[in-house]
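J.: Protein chains in written order, with our numbering: chain A, 383 to 858; chain B, 3 to 121; chain C, 26 to 564.
Simulated from the structure, these hints should not be mistaken for lab results.
Hints may be right or wrong, so weigh each one.
Label-pair ranges, simulated between beta-carbon atoms [what the hints assert, rightly or not]:
| no. | chain 1 | residue 1 | chain 2 | residue 2 | range |
| --- | --- | --- | --- | --- | --- |
| 1 | B | 47 | C | 62 | 32 to 38 Å |
| 2 | A | 782 | C | 400 | 57 to 63 Å |
| 3 | B | 93 | C | 544 | 42 to 48 Å |
| 4 | B | 115 | A | 782 | 44 to 50 Å |
| 5 | C | 488 | B | 115 | 54 to 60 Å |
| 6 | A | 689 | C | 62 | 54 to 60 Å |
| 7 | C | 544 | B | 107 | 49 to 55 Å |
| 8 | C | 551 | A | 753 | 26 to 32 Å |
| 9 | C | 431 | B | 41 | 50 to 56 Å |
| 10 | C | 47 | B | 107 | 20 to 26 Å |
| 11 | B | 106 | A | 448 | 46 to 52 Å |
| 12 | B | 93 | C | 540 | 45 to 51 Å |
| 13 | B | 93 | A | 484 | 25 to 31 Å |
| 14 | C | 256 | B | 7 | 23 to 29 Å |
When the alpha-carbon atoms are kept at most 25 Å apart in a straight line, the in silico DMTMM-like pairs for lysine to aspartate or glutamate are as follows [as the list claims (entries may be wrong)]:
| no. | chain 1 | residue 1 | chain 2 | residue 2 |
| --- | --- | --- | --- | --- |
| 15 | B | 62 | A | 754 |
| 16 | B | 62 | A | 625 |
| 17 | A | 469 | B | 97 |
| 18 | B | 39 | A | 628 |
| 19 | A | 728 | C | 71 |
| 20 | B | 39 | A | 754 |
| 21 | B | 89 | A | 754 |
| 22 | A | 483 | B | 41 |
| 23 | A | 480 | A | 628 |
| 24 | B | 89 | A | 763 |
| 25 | B | 89 | C | 213 |
| 26 | B | 39 | A | 482 |
| 27 | A | 473 | B | 41 |
| 28 | B | 33 | A | 482 |
Virtual Cβ for every residue (Gly too), placed ideally from N, Cα, C.
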Amino acid sequence: MSLALTAYGMVGGLPALAPTENPTADFSDTPLWLALVKAVGVFVYLLISTLLVIWFERRVIGRMQQRPGPNRNGPFGLLQTLADGMKAMLKEDITPAKAEKVIYTLAPMITATMAFVAFAIIPLGGTVWMFGHQTPLQVTDVPVAVLLVLAVASVGVYGIILAGWSSGSTYPLLGGLRSTAQVISYEIAMGLSLVAIFLYSGSMSTSAIVSAQSSLWYILPAFFSFAVYLITMVGETNRLPFDLAEGEGELTGGFHTEYSSMRFAMFFLGEYVNMFTVSALATTLFLGGWQAPPFISAINDNMFGGGWWGLLWFTAKLWLFMFIFVWLRGSLPRVRYDQFMRFGWKFLIPITLAWVVAVAFIRGAQLGFLGDSKLTFAGRELSVATVVIVSIVAVIALAAAWIWDDRRAQRAAAEDEAPPEEIDPFEDGYPVPPLPGQRLVEPRPRLAAEPVLSTASSSSAGGSGASTTLKEETHG
Amino acid sequence: MNSYVPILFMLGLGFAFAALSVFTSLVVGPKRYNRAKLEAYECGIQPTPQAAGGGRVPIKYYLTAMLFIIFDIESVFLYPFAVAFNKLGLFALVEMVLFILTVFIAYAYVWRRGGLEWD
Amino acid sequence: MTAAVLPALSNLSTLPAAFQASEVNYVAVMPLFIVFVTALIGVLVEAFMPRERRHRVQVSVAVGGLLAAAVSIFWASSNLGLTMGLSDGSTNRSLFALAIDGPALFLQGAILLMGILGVLTMAERFGGVGPDAFTPSGASTPGSPVETAATRAGALTSEVFPLTVFAIFGMMLFPTTNDLIGMFVALEVLSLPLYILTGLARRRRLLSQEASLKYFLLGAFSSAFFLFGTALLYGYAGSVYFGDLSSAISTAPLAMNGLLLPGAFLVFVGLLFKVGAVPFHAWTPDVYQGAPTPVTGFMAACTKAAAFGAILRLAYVGLDTARWEWSNALVIVALLTMVVGSVLSVTQTDMKRLLAYSSIAHAGFILVGVLAFDRTGVGAVLFYIVAYGFSTIAAFAIVSLVRQNGAEATHLSQWAGLGKAHPVAASAFAFLMLAFAGIPLTSGFVSKFAVFSAAVGSGATGTVLAVVGVLCSAITVFVYARVIVLMFFSEAPAEKVEVVTPSAMTTFSIAIGTLTTLALGVVPASLLDLADRASQFVR
């Protein structure tokens, strides 16, 4: 986190920023009080969205599982979440005897607070008139806005780790460690996937990124980044299928096992607001933010695109991602922790790095760093370098996919091999039952078997090290 | 107006809301003392006297944290490069590829030495 | 945000207005580049080479890379000048990260050659599978199941070679950097591998682990001092480049000295820690004793060379215009270092600790040369570093051969009567002792003479320093003479002490170290001449 902050100081301090790096949203007519009003507005928007999304999630999952879901409180059960919140408030707030009292209280507050902060730089719409001022529908924007989101997300992790540690109990400690390791592991791939966006937009300011997408949403040129971001945002928010921090079978509730009442509700709130934050970032970076979808923007010179209309499109795209979250939860089981970490470290990180290099080359070719010669194809002028680089990248990607597939087929074939006809149930020292169709070998007398010693020391270090090894083996 | 100030508004609002909610529940909620209720939750069995490992954490997590720092630095270095890319030219592209390659060598080493395995 | 930040930036024009690509003279940085690539190759070898071939390949890669880098210095020497940066046309300042000049290249060459000897002694296997001095799992207790498991899993110690090469890269960078930030990076690059190497001793593991932790903690403290000083100097000059610093000192108002002096002192503390000058020497004996002996030799020779290079550059290029403000403090440090180092070496009973205190005393003598503040002083320091470095690597290599029951016999009483049983090793060691003492016909005499004569030539303070230096040398003569007497004129201890027969590699480095000591004592002219020609800093 501190690193992110340092870099953010570095970048923010660079003089002579070219116009594109700075926010394109114009805040010159926004007095401080209006910013406060907008902040309160965004805050209320988030709270209401959270109330709705919890109801939405339970209803949709209910439908997916052939049951109605909550439908008693209010029309369609809409007030169910509010009722739950009230109930949480009226419950006893337990602090375990062994907890670190101050940090135990502070941790859920950190999580909840940090979840809200990141939304300050998300553009919810275009420029609107508000109380006699012309102002963007965005609390604020800074040249390093996206980095700010990542930094704030990193601070939010403190809530998890501190909650786990301060509970003074085994399950929360393990759950807190796990989910911290998980969040930071997936943050790398997430951070790397965003580099492609910055390469295209030339800015980290959210409003500049949105306006750079007016002709083409980045989901197309940066499709791979989008896929990686979609995966990592589920990992970042500890949601199914990646909600390993709270595996009921092994860790009960994970880091918030000991929490109850409103302090627990704060973690709950934090989790859902975080979902909104990462979805909003995805909307802003990949789906053109608050801009109207292509066909609608074509109607009557984009009459449904500007001003308050942006809020509608933004909300629609935001809820698309929320639906994906719910959909995933409804259909996928939880993954195993080692598989999850392996996927993050051994697949996502290297392949995203390779993708970043590829995008840098493609972008360099487009900008003419690699030569200026052009060719005309089907009436369009294309740069030779771009064509060459794109084909090279495509060929490498295809070859890699081919090799990958081949290896997988080989592995699968190896696994499918029929088990041997005979089995020695005591071969490795532990009794192993035979598979169906296997015969047991005739038992050999133990003494006739070859001596255990004498194999392992070939790779051991020389000198006294070797002698200790040998001694260990004889005694052990 | 400094454009960073409204972020503090958000921070203040969020914190005020969280603090108020927790405080309200402390006031409104019931308090019925019960010694067993204040013990660490371990699915109903007698809690272990100490948290797992005596409060010590497996080295694995430390390793993950160190690797995270390395790669986080890498991606943070890539950000200014990416933002300024259209002004930098071929020199910066080559330099960045070399940088990524260097970190990738370290990555390959960690992989081969089992630093990414999770038992 | 731009509105708020830009006014603060406008009077702080550190960065050029638009992006300009750096000017890089690739031939001039070739030695550094080769060493870095060598280290990376070492990492790859460690990752992908089969175990049985790894040791041999690692040693060849390291030695080959270092040799190639040493050769490339010849080409670099015809490309002197500032590089890796740009000149800012609007403010007419040169913002270059590296200064490829005489002292830098001379020290790079010296570090490379001494590094090769160091790598060769580290590679000593005594017929085993891995390097004899190192353990495959430094965190374990000797003979414990953890260690056995590590050995059984095939853990090897060939990682020490890439680590060493990384350390050498940092050491080469250290005297070459032209700004405080670069100097800090180099300081860390050279230190971090050394912390690890210190903790990897196969025998006397606890001592080694303790040494490693002490070195790390104190090193971290000194790095923090260095950084804090950097921050203050940056606050003073508005730039971290030595050229800007120097010109800022000559133009800035006196009122700003509240930043300059503490900054200069703190930066010097960070550097003096690395050479082990009193009162920043506390780590030296413990670390020298605990570290694997080949590492100690490598560290004593190369770290000292690198750190004195950095001190020279800071004192002669960065803070030269403020010399009158800080030189008195350095004089006191030099006096203390000489006196404490030589007096405390008298009381030592452990050979490695004795050599450690001797290295402290030598650091004091070299500081006398630094304080001469002219070209002869620089030349003398460069010569001293080479002479001392070669002798000390050979000395520690011999220490690693003297064994009792397989473990190194470092207690002085164990060395008694060694001259009768093993005359060759003992006489080589005795000769090196004479060199440390500064007896004529050894390199030690020539280097001390060069340093002290440069000091006398610089004025009254220098004369006082030289007189104290000669007196302290006299004290150390007693120490070294005692060792020689012990080896040749005492009865051997009851339990047998043997000198292990080393492989060709260790023999080579001992021979080269001893022969260099002799050659520089008998015909020092060519190296003195080279050091003198290389003593001009570029600004």
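J.: Would you mind marking each hint as holding or not holding in the structure?
T.: Against the structure, the hints come out as follows:
1. Take residue 47 of chain B and residue 62 of chain C: their Cβ atoms lie about 58 Å apart, and the range 32 to 38 Å is violated.
2. A hinted range of 57 to 63 Å holds for the C-beta pair residue 782 of chain A and residue 400 of chain C, which are about 59 Å apart.
3. For the pair residue 93 of chain B and residue 544 of chain C, the beta carbons lie near 46 Å from each other, so the given range of 42 to 48 Å is met.
4. A C-beta distance of roughly 24 Å is found between residue 115 of chain B and residue 782 of chain A, which places it outside the suggested range of 44 to 50 Å.
5. Here the CB-CB span from residue 488 of chain C to residue 115 of chain B is close to 57 Å, well matched to the stated 54 to 60 Å.
6. The hinted range of 54 to 60 Å is satisfied by residue 689 of chain A and residue 62 of chain C, whose Cβ atoms lie roughly 58 Å apart.
7. At roughly 40 Å, the beta carbons of residue 544 of chain C and residue 107 of chain B sit outside the given window of 49 to 55 Å.
8. The beta-carbon spacing between residue 551 of chain C and residue 753 of chain A, approximately 52 Å, falls outside the hinted interval of 26 to 32 Å.
9. The hint said 50 to 56 Å for the Cβ distance between residue 431 of chain C and residue 41 of chain B, and at roughly 54 Å that hint holds.
10. Between residue 47 of chain C and residue 107 of chain B the CB atoms are about 23 Å apart, so this pair conforms to the stated range of 20 to 26 Å.
11. Against the hinted window of 46 to 52 Å, the Cβ-Cβ separation of residue 106 of chain B and residue 448 of chain A comes to about 49 Å, which satisfies the hint.
12. A beta carbon spacing of about 47 Å between residue 93 of chain B and residue 540 of chain C agrees with the range 45 to 51 Å that was offered as a hint.
13. In this structure the supplied range 25 to 31 Å is violated for residue 93 of chain B paired with residue 484 of chain A, their Cβ-Cβ distance being about 52 Å.
14. Checked against the hint of 23 to 29 Å, the C-beta distance between residue 256 of chain C and residue 7 of chain B comes to roughly 27 Å, which is consistent with it.
15. A threshold of 25 Å between alpha carbons decides the hint, and for residue 62 of chain B with residue 754 of chain A the separation of about 50 Å lies outside it, so the pair is violated.
16. At roughly 20 Å between alpha-carbon atoms, residue 62 of chain B and residue 625 of chain A fall within 25 Å of each other, so this suggested pair holds.
17. As the CA atoms of residue 469 of chain A and residue 97 of chain B are separated by approximately 58 Å, the hinted pair breaks the 25 Å bound.
18. Distance restraint check for residue 39 of chain B and residue 628 of chain A: the Cα-Cα separation of roughly 21 Å lies within the 25 Å cut-off, and the hinted pair is therefore satisfied.
19. Distance hint between residue 728 of chain A and residue 71 of chain C is fulfilled; the C-alpha atoms sit about 19 Å from each other, no more than 25 Å.
20. Between residue 39 of chain B and residue 754 of chain A, the direct Cα distance comes to roughly 74 Å. Violation of the 25 Å bound is thereby established for this hinted pair.
21. Between residue 89 of chain B and residue 754 of chain A, the direct Cα distance comes to roughly 16 Å. Compliance with the 25 Å bound is thereby established for this hinted pair.
22. For the proposed pair residue 483 of chain A and residue 41 of chain B, the alpha carbon gap of about 14 Å is at most 25 Å, so the pair holds.
23. With a CA separation close to 21 Å, the supplied pair residue 480 of chain A and residue 628 of chain A stays within the 25 Å bound.
24. Pair hint residue 89 of chain B plus residue 763 of chain A holds up; C-alpha atoms about 23 Å apart against a cutoff of 25 Å.
25. Of the pairs offered as hints, the one joining residue 89 of chain B and residue 213 of chain C is violated, with about 32 Å between alpha carbons and a cut-off of 25 Å exceeded.
26. For the given pair, residue 39 of chain B sits about 16 Å from residue 482 of chain A by alpha-carbon distance, which is consistent with the 25 Å threshold.
27. Between residue 473 of chain A and residue 41 of chain B, the direct Cα distance comes to roughly 18 Å. Compliance with the 25 Å bound is thereby established for this hinted pair.
28. Only pairs whose Cα atoms come within 25 Å are accepted, and residue 33 of chain B paired with residue 482 of chain A is accepted, the gap being roughly 19 Å.
The earlier numbered hints that this structure contradicts are 1, 4, 7, 8, 13, 15, 17, 20, 25.
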